[in-house]
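The listed protein sequences correspond, in order, to chains A and B.
Residue numbers for the first sequence follow this note's numbering, beginning at 264 and rising by one.
Residue numbers for the second sequence follow this note's numbering, beginning at 132 and rising by one.
If you're looking for bench data, these hints aren't it; they were derived computationally from the structure.
Being a predicted model, the structure only gives us computed values, none of them experimental.
For each residue, glycine too, the CB sits at the ideal point set by N, CA and C.
Don't take each hint at face value.
[To be verified] Computed cross-link-like contacts, DSS-like style, restricted to lysine-lysine with a CA-CA straight-line distance of at most 30 Å: (1) B:Lys256 / B:Lys269; (2) B:Lys256 / A:Lys295; (3) B:Lys480 / B:Lys137; (4) A:Lys388 / B:Lys274; (5) B:Lys320 / B:Lys308; (6) B:Lys167 / B:Lys345; (7) A:Lys388 / B:Lys320; (8) B:Lys259 / B:Lys391; (9) A:Lys280 / B:Lys345; (10) B:Lys366 / B:Lys320; (11) A:Lys388 / B:Lys259; (12) A:Lys277 / B:Lys391; (13) A:Lys277 / B:Lys301; (14) B:Lys152 / B:Lys266.
[Said to hold, decoys possible] Among chain A residues calculated to face chain B with C-beta under 7 Å, some are: (15) Gly320; (16) Tyr325; (17) Val345; (18) Asp347; (19) Cys382.
[Stated by the list, open to error] Restraint-style ranges between C-beta atoms, simulated for each label pair: (20) B:Glu520 / A:Ser315: 49 to 57 Å; (21) B:Glu278 / A:Thr412: 32 to 40 Å; (22) B:Arg221 / A:Arg417: 27 to 35 Å; (23) B:Lys138 / A:Glu359: 40 to 48 Å; (24) B:Lys477 / A:Arg283: 42 to 50 Å; (25) A:Lys280 / B:Pro365: 51 to 59 Å; (26) A:Thr403 / B:Ile153: 41 to 49 Å; (27) A:Thr403 / B:Leu186: 45 to 53 Å; (28) A:Thr412 / B:Leu186: 53 to 61 Å.
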Amino acid sequence: MTLVESTVTELTLKYGKERRQLLPILRGVYEKFHYLSDESMVEVARQLDISSAEVFGKATFYSFLSGSPQGEFVIRICKTIVCDMKNKKLIVDTLENLLKIKMGQTTHNRKFSLCYTNCLGLCHKAPAMLINNEAYTDLTPDKVRQIITSYKNR
Amino acid sequence: MKLSLKKVDLILGSYSNEEYKILFEMLSRNSDEILKDLIESGLKGRGGAGFPTGLKWKLCAEAVSDDKYIICNADEGEPGTFKDREILDRVPKRVLAGMALAAKVTGAAKGYIYLRAEYSFLVNKLQKELEEFHKILKSNNIKFNVEIFMGCGAYICGEETALLQSMEGKRGEPRNKPPFPTTTGYLGKPTVVNNVETLVSAFMVCRIGPEEFKKLGIQGSSGSKLFSVSGDTPKPGIYDLEFGLSLAEFVDEFGDGDTKAVQVGGASGFCVPRKKFNETTIGYRGGLTGDSLPTGGSMMLFNSSRSMYNILRNYLDFFAEESCGQCTPCRIGCQQLKNGIEAVKKGEKDPEYLNQLLKLSDTMKITSKCGLGQSVANSFSSIVTNFTEEMIY
Ligand SMILES: Cc1cc2nc3c(=O)[nH]c(=O)nc-3n(C[C@H](O)[C@H](O)[C@H](O)COP(=O)(O)O)c2cc1C
Ligand code: SF4
Ligand code: FES
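Looking at chain B on its own, in the form it has when it is part of the complex:
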């Protein structure tokens, strides 16, 4: 089979001491041009939701306020995702450069990196980088300051409005949207919240130009992105791959010859069984054929020795623990789904009961307040419907 899986090296490659020099060349351009490049490139957020980055910056730029903020979301908590840690460790200048671009375009003077507590070991190095960054900004007469804000161990704080609540000294409970952070964000001021990788991608788009960027990937899902590959694979790690690859190609490259299923997008994503590898492509919805999947880049491979029941129970454990408990469908639903599959497995409930649980997960999708509760159904229904026998016997 001809491999169309294409490895690139955009995000982490050819990193040098010239990064800030390149940044200052960009900063001398006018904001509209930078925005135009970003919009033109079709770059979408790498944090999972896939919102167009250029549009996000534009909305914040148009909001009228003396104070605006740029927040780098480094709370990376989705099971199976570890690319943001790697980016912060290996190419921190590019993250800061992306933040500085966003600041220039929106008119923000203050930025924060919301770093998950689990990544405390990165702080010293990042702090040193910040000192250098601030010194260089100052000598170029640019008013922008970035601080690290430490999380304290809560997956939900990766959700952008929960993150803002957390930074404001409140419980990390998601807010209603709208209003969106671009108009009403940190301390009620216009705020751009971007994933670590998105910020680097934005910088790289301006660097290579939208045309070059669009040559990567396929229409509707332009560019490449970092994938975190783990589980039953001989080569776990981080890979920069062009969008539009099929899962069959992916498994050919990364599988151990016995791959039964791939979890795409972490516990909040979808579990794809072997029989669907050929028809599944990785990219954002729209512009792709077959079943296309959006993703924050988590790819977990499972081989035939794994119990899909154990895998699902592990996810449900995770959600039940990490639900902020603010709204009923999610708080109670996560518990019920977990108790439910356990009861079926033990034979305390009929297999029929799984259908009721599927309905419950659908209800959670419609009625939950934020993405956590809304996405439990993704893994739940994809595992229960594709591996029903394993749930029962």
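The shape of chain A in the complex, shown without the other chains:
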């Protein structure tokens, strides 16, 4: 069994093979591999006995599921209006300089990815970002530097 096959099998054992378990299963695959490869989507389709086009259609709908390889830590910076007004540009510049990549890119060592996201529901503490599931708020360039240093050492 390949790693993809065994991962999907584990997930279908945990959640079941009904269509309504598709999103939790895709999330599980994503968490393991940091992206949804074509191979993994075909395997999910096979085990759930639905067409792979259906799986592909579902996967591409959601911004938290990516079809291309992402870093171990995905940094999502809010670009919606309040964070925009509170100088998210400065935060983006700081991150791009620190990681030496542009928005939408992943570092060579596959450790970090940078992307934009819409309102994180943290507007009263703008600007805000997520690193995987952790929220960081009231960001300043100094704060961002400290945060990134702590992640680099993980």
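Knowing the structure of chain A, use the given hints to seat chain B with the ligands on it.
Using the frame of chain A, we list chain B with the ligands on its own:
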């Protein structure tokens, strides 16, 4: 000026370990009485659409089926809204209590919390709360089970039928209504979909009684609600305010002295310019004087240093990205509105062109399938007509 803006502390206040004890006292009442209280209270949904909560539960209760579901809509994605996160974090027992009441009244045995992916950091705490909740339900012989269902980053999944599609393993594309979820919801079964805050409000209505609840707010918009205040304000945060306040009062309290406009109800809501602060009240339509605005509680303040053009372009970016693309007026319309205002700003199109864009947004209002496409015109026309110069120069 005398302030009639009234702060209360209903939703988040005096939270204790007694919440479940109070719940069980309520659960010993009969369902009709609970429904009567809710209907009597005039409580309306806090998710934005403002549907009467008592009626929603009643419709689901009357639907005949062995399986029914209670879904807590915690997809909170409207720009400028963050109260549901705060509620789930600070008073989770009350959310679960509201769900248990809905289950009792409708006869549902299963519930879900549809939690947006962005709020994953809440999961561990919520899971612990669920364990305690289930243990206590079990020891009281009540059959109701709640699970968390994680979203995956799509604003449209907050729309109740898109949410159901998403839970069923399909793309989050809104369905036609009718049929409504109360009869044909999750897996085709009768389902109550309620906003997080609505569930807590329902619990609190039963707790303080409809009479007390109605003393808050004004007729037609009873009660208080949580407002998420952000933008150019010295005190951003969450505030429980009685309905019926005027925007002038609101700005007096929360503005920075230089407020040019307030966006009420997020990107899908309306932008109110300073000259209309006095005549605008916050509440549901009907029963209010002047221009009254329904709201999910997002209040974003902008001061005179802000470009209204940039603000509108930011919203349109948001809608163009978050449109599910299922129907043409919304899919193409959002793009065209965005390209259109950019062209006018650059001088590639005459200012006259703005009128055509306004017509387009009106068309979207009539022809789009769901609330996303239908409400783009709210912010579009309120910004373009009140701040026309800023769109051109
Ligand atoms: C585009 C769109 C997004 C929505 N997002 C949410 C949301 O995040 N949370 C929510 O409670 N309701 C949201 N709604 C409203 C829901 O469709 C539904 O009316 C609500 O969950 C009903 O609950 P209530 O009666 O308690 O307000 C959204 C509606 C639309 C059209
Ligand atoms: S109005 Fe927009 S979001 Fe709603 S169904 Fe149509 S395309 Fe999808
Ligand atoms: S606008 Fe950035 S968190 Fe809401």
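How the hints compare with the structure:
With a C-alpha separation of about 20 Å, the suggested pairing of B:Lys256 with B:Lys269 holds against the 30 Å cut-off. Proposed proximity of B:Lys256 and A:Lys295 is supported: the alpha carbons are some 23 Å apart, at most 30 Å. Under the criterion of a C-alpha separation no larger than 30 Å, the hint pairing B:Lys480 with B:Lys137 is inconsistent with the structure, at around 47 Å. Between A:Lys388 and B:Lys274, the direct Cα distance comes to roughly 40 Å. Violation of the 30 Å bound is thereby established for this hinted pair.
A threshold of 30 Å between alpha carbons decides the hint, and for B:Lys320 with B:Lys308 the separation of about 15 Å falls inside it, so the pair holds. Pair hint B:Lys167 plus B:Lys345 holds up; C-alpha atoms about 14 Å apart against a cutoff of 30 Å. Restraint check: the Cα-Cα separation between A:Lys388 and B:Lys320 comes to about 40 Å, which exceeds 30 Å; the hinted pair is violated. Under the criterion of a C-alpha separation no larger than 30 Å, the hint pairing B:Lys259 with B:Lys391 is inconsistent with the structure, at around 45 Å.
The suggested pairing of A:Lys280 with B:Lys345 is violated, with an alpha-carbon distance near 48 Å, which exceeds 30 Å. Of the pairs offered as hints, the one joining B:Lys366 and B:Lys320 is violated, with about 44 Å between alpha carbons and a cut-off of 30 Å exceeded. Distance restraint check for A:Lys388 and B:Lys259: the Cα-Cα separation of roughly 27 Å lies within the 30 Å cut-off, and the hinted pair is therefore satisfied. A hinted pair counts as satisfied when its Cα atoms are at most 30 Å apart, and A:Lys277 with B:Lys391 does not qualify at roughly 54 Å.
A threshold of 30 Å between alpha carbons decides the hint, and for A:Lys277 with B:Lys301 the separation of about 20 Å falls inside it, so the pair holds. Among the hinted pairs, B:Lys152 with B:Lys266 is consistent with the structure: their alpha-carbon atoms are about 13 Å apart, no more than 30 Å. Annotation: interface hint on A:Gly320 holds; nearest CB of chain B at approximately 6 Å, less than 7 Å. With a least beta-carbon distance of about 4 Å to chain B, the hint placing A:Tyr325 at the interface is held under the 7 Å criterion.
This hint holds: A:Val345 has a C-beta 5 Å from the nearest C-beta of chain B, less than the 7 Å allowed. Interface restraint check: A:Asp347 against chain B, minimum CB-CB distance 6 Å, threshold 7 Å, status holds. At a threshold of 7 Å, the smallest CB-CB gap from A:Cys382 to chain B is about 4 Å, leaving the interface hint in force. The beta-carbon spacing between B:Glu520 and A:Ser315, approximately 53 Å, falls within the hinted interval of 49 to 57 Å.
Range check, B:Glu278 to A:Thr412: Cβ separation about 38 Å, and the 32 to 40 Å hint holds. Here the CB-CB span from B:Arg221 to A:Arg417 is close to 30 Å, well matched to the stated 27 to 35 Å. Between B:Lys138 and A:Glu359, the C-beta spacing of about 42 Å keeps the proposed range 40 to 48 Å intact. Taking the beta carbon of each, B:Lys477 and A:Arg283 are about 48 Å apart, inside 42 to 50 Å as hinted.
For A:Lys280 paired with B:Pro365, a C-beta distance near 54 Å keeps the hint of 51 to 59 Å intact. About 43 Å separates the C-beta atoms of A:Thr403 and B:Ile153, a value consistent with the hinted range of 41 to 49 Å. Restraint check, A:Thr403 to B:Leu186: a C-beta distance of roughly 48 Å satisfies the suggested window 45 to 53 Å. In this structure, A:Thr412 and B:Leu186 meet the distance hint of 53 to 61 Å, their C-beta atoms being roughly 55 Å apart.
Against the hints set out earlier in the document, violations occur for numbers 3, 4, 7, 8, 9, 10 and 12.
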